[in-house]
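Number of protein chains: 2
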Amino acid sequence: MKIISGELNELTRYLSEQTNQEAEENVEEQVKIILKAVKETGDTAVIDYTEKFDGVTLSDFRLSKEQIQAGYKRTNPEVVTALEAAKKNIVSFHQKQKQNGFIDAEKNGVIRGQLVLPLETVGIYVPGGTARYPSSVLMNALPAKIAGVKRIVMITPPDKAGLPDAILAAATICGIEEIYQVGGAQGIAALAYGTASIPKVDKIVGPGNIYVATAKKLLFGEVAIDMIAGPSEIVVLADAQANPKFIAADLLSQAEHDTLARAILITTSQALAERVEKEVWQQLKELPRAEIARKSIENQSHIFVVKDIETQFALMNQIAPEHLEIQIENPMAHLSRVKHAGSIFLGDYASEPLGDYLAGPNHVLPTSGTARFFSPLGVDDFIKKSAFISYTKAALGLEKDAVMTLAREEGLEAHARAIQVRFDEEIGGEK
Amino acid sequence: MKIISGELNELTRYLSEQTNQEAEENVEEQVKIILKAVKETGDTAVIDYTEKFDGVTLSDFRLSKEQIQAGYKRTNPEVVTALEAAKKNIVSFHQKQKQNGFIDAEKNGVIRGQLVLPLETVGIYVPGGTARYPSSVLMNALPAKIAGVKRIVMITPPDKAGLPDAILAAATICGIEEIYQVGGAQGIAALAYGTASIPKVDKIVGPGNIYVATAKKLLFGEVAIDMIAGPSEIVVLADAQANPKFIAADLLSQAEHDTLARAILITTSQALAERVEKEVWQQLKELPRAEIARKSIENQSHIFVVKDIETQFALMNQIAPEHLEIQIENPMAHLSRVKHAGSIFLGDYASEPLGDYLAGPNHVLPTSGTARFFSPLGVDDFIKKSAFISYTKAALGLEKDAVMTLAREEGLEAHARAIQVRFDEEIGGEK
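Respectively, the protein sequence lines represent chains A and B. Under my numbering, the first residue of the first sequence carries the number 15, and numbering increases by one thereafter. Under my numbering, the first residue of the second sequence carries the number 15, and numbering increases by one thereafter.
Chain A with its partners taken away, still in its complex shape:
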């Protein structure tokens, strides 16, 4: 993590040289084989791959009510209380996202509008292995519940040691009753195609490793998916009055996720830049999981010193970060400078982990610059719209010529005749 001063175009160029895309060819070939096997042999393939990749033999993937309840009961009560507090804020925030359908009956003889309907069945992937994120269960499941999705199915890889209690507690708190112990690309395939044991879903959400992400990408169209998550990233914009201890801690909170995570400070103050750099190394020394954070700080993270606030925001918008902290005086006033960011944290006390766990907004956010066109996960991800149209004969009569003109311009004669037939007394001899 070096301190670099520069103009906007220099720093933009510097950043673009840093991005490296790993070749994923090999993974894609492997995943295609797994998808094909599950599509053709269903549970048989899922059982085989679960033995092969997870080292567990299961003939019945589904967790019983008793198993789920037992996990919930074993969970540390402080954790349960914290999850309930998170749920409250997540629900109150996401409820404000709900859209209504609309109806327009302004024109005589015409009624048109839009229905908003929930998806019928949704699958949530919860990663296994060393990563255990009960907060992830809440962030994926609660918007689906609020949208009105009737059937939410959770899948997570099996573990010889049993599934983590906190995951089962989170599922219970969200009202998820259907949990299957199956993971990886084979789990995604099972949800997308359906097997004898595992229902076919309409959409799959939830983070996972490269095999899970590749499976989701290949199955897009067969099933809807959420975003493909890349490494975590944060941009902190700060001025001279910001607190370097706070900033350093926030940068490290991102860095600890992943050696490829990016933590970037953009400041107008050389003095602040130097204090933050010192703080980062100091706090790093005292951190467990320091190896991951250290690699991220050394290889992927930067401190940029620029000349003014306009450059700060211009560079941030170029990056289009997943998380954006604005630790500049009167932070809210600068909201209109933000063009591309997943989630925005304003002021000294809106620390990014607050958003990860508790404030209410979703922590499933667009990464790798996709904040240019993707949104945080939300209620809109779990609904679909249908348009509807009703016309009287008289209303159609007023617009029929325009329709037929356009249809014939496009060479679609049957389209024109479908309108014309409504105004013919007889077809055949007379027209």
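Any given hint could be a false lead.
[Unchecked claim] A partial selection of chain B residues facing chain A, derived with a Cβ cut-off under 10 Å:
{"#": "1", "residue": "Tyr86"}
{"#": "2", "residue": "Lys217"}
{"#": "3", "residue": "Gly356"}
{"#": "4", "residue": "Thr384"}
[As the list claims (entries may be wrong)] Listed next, the stretches of chain A that the computed footprint assigns to chain B, with coverage defined by at least 3 CB atoms under 8 Å from CB atoms of chain B:
{"#": "5", "region": "60-66"}
{"#": "6", "region": "82-94"}
{"#": "7", "region": "233-239"}
{"#": "8", "region": "383-392"}
In short, the hints are calculated from the structure, not lab data. We put the beta carbon where it would ideally sit given N, CA and C, even for glycine.
Assemble chain B onto chain A, guided by the hints.
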């Protein structure tokens, strides 16, 4: 097109045996090569492929203002009038889709909310060849305009005969000034990566052939895309009082799109079924472009006779059609039976082509059963959201324990410390 009677599960099984997925392996390999070439050599590759696939040599892809204006002026005035009428209805409908951001300041010391921002740059693909659809320009561009997208770029394959005037008129009517003569996978790649001549966009929408669709699918993530369009499809639900001439004409309006288009009638009346079948063959005899429609009718289209309205709707929901016509008495009352359909046409006079061209709702609709999870194209396709959070120290103080508990449960110590540091007077010796 046979008349088949049956129970729900029999007909569902029958339909699932009809679906055949073409192997797309070969196309994907070809497209990957094109994408790589454009990514690496920009305009050079685009020029080469345009010569190779379109037989046209262009060094400057962009149409001049004069060229666009000339096309507009040459367009049949009736077509211009019809396009203006369509624009009026499309705009008035889509304006009702606009979402506002929200802000929540209910909790003391907490402000959170959601911004809604337009995408910055959008590319619209307009197919070439024999298919010339000015209506498609309107349906893709107008929602983007209403969303507030500042820069809309249109690409369409060049033609030795020049671009169709009606396409240029449609672009003018939508306020599109940036048009490039480039098509196919190379055009999509140019928009996704950007070249010296063609700007990089955030999202690509618009229908195209298998090469275009494959390019969009492969580039998803690099750039946002709309849906991958499959063959057109319509389901008509009718009772004994429906008009067989109208129904036959509507079925044929779909069939004329594509030999793979599906036109399905589901009725409770054997008598109506027989009259519709007769009408279809009669009207087919009198239709130009009959060969395409005939193949669709013969191979992909069906008339089902079922016992009751419940079965009608259940079977339709299984299909999840792109277009749904309800020609049943008191059609609007049955809206709540619809679970999955792109666009719904109610009653005798809401003929499907009315929706294609003029009523206002979008004609870019989910096909191949994706109405289970996708929506019509709309304003929401051209915006993205950002969450924002602001907390005072006191407000954070009330929630800090919950955040730290969850962070530590998930093994993310730096996340916990980022909160803790806000409440330490000193870090280092004392904590």
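Going down the list of hints, with the structure as the test:
1. Tyr86: 14 Å, violated
2. Lys217: 5 Å, holds
3. Gly356: 6 Å, holds
4. Thr384: At 7 Å from the nearest chain A Cβ, Thr384(B) passes the 10 Å test, so the hint holds.
5. 60-66: Not satisfied, violated; 0 residues make the cut.
6. 82-94: It holds: at least three residues are needed, and the region 82-94 of chain A offers 3 whose Cβ sits within less than 8 Å of chain B.
7. 233-239: It holds, with 4 qualifying residues against the three required.
8. 383-392: holds (count 8)
Violation of the numbered hints given earlier is confined to hints 1 and 5; the remaining hints are satisfied by the structure.
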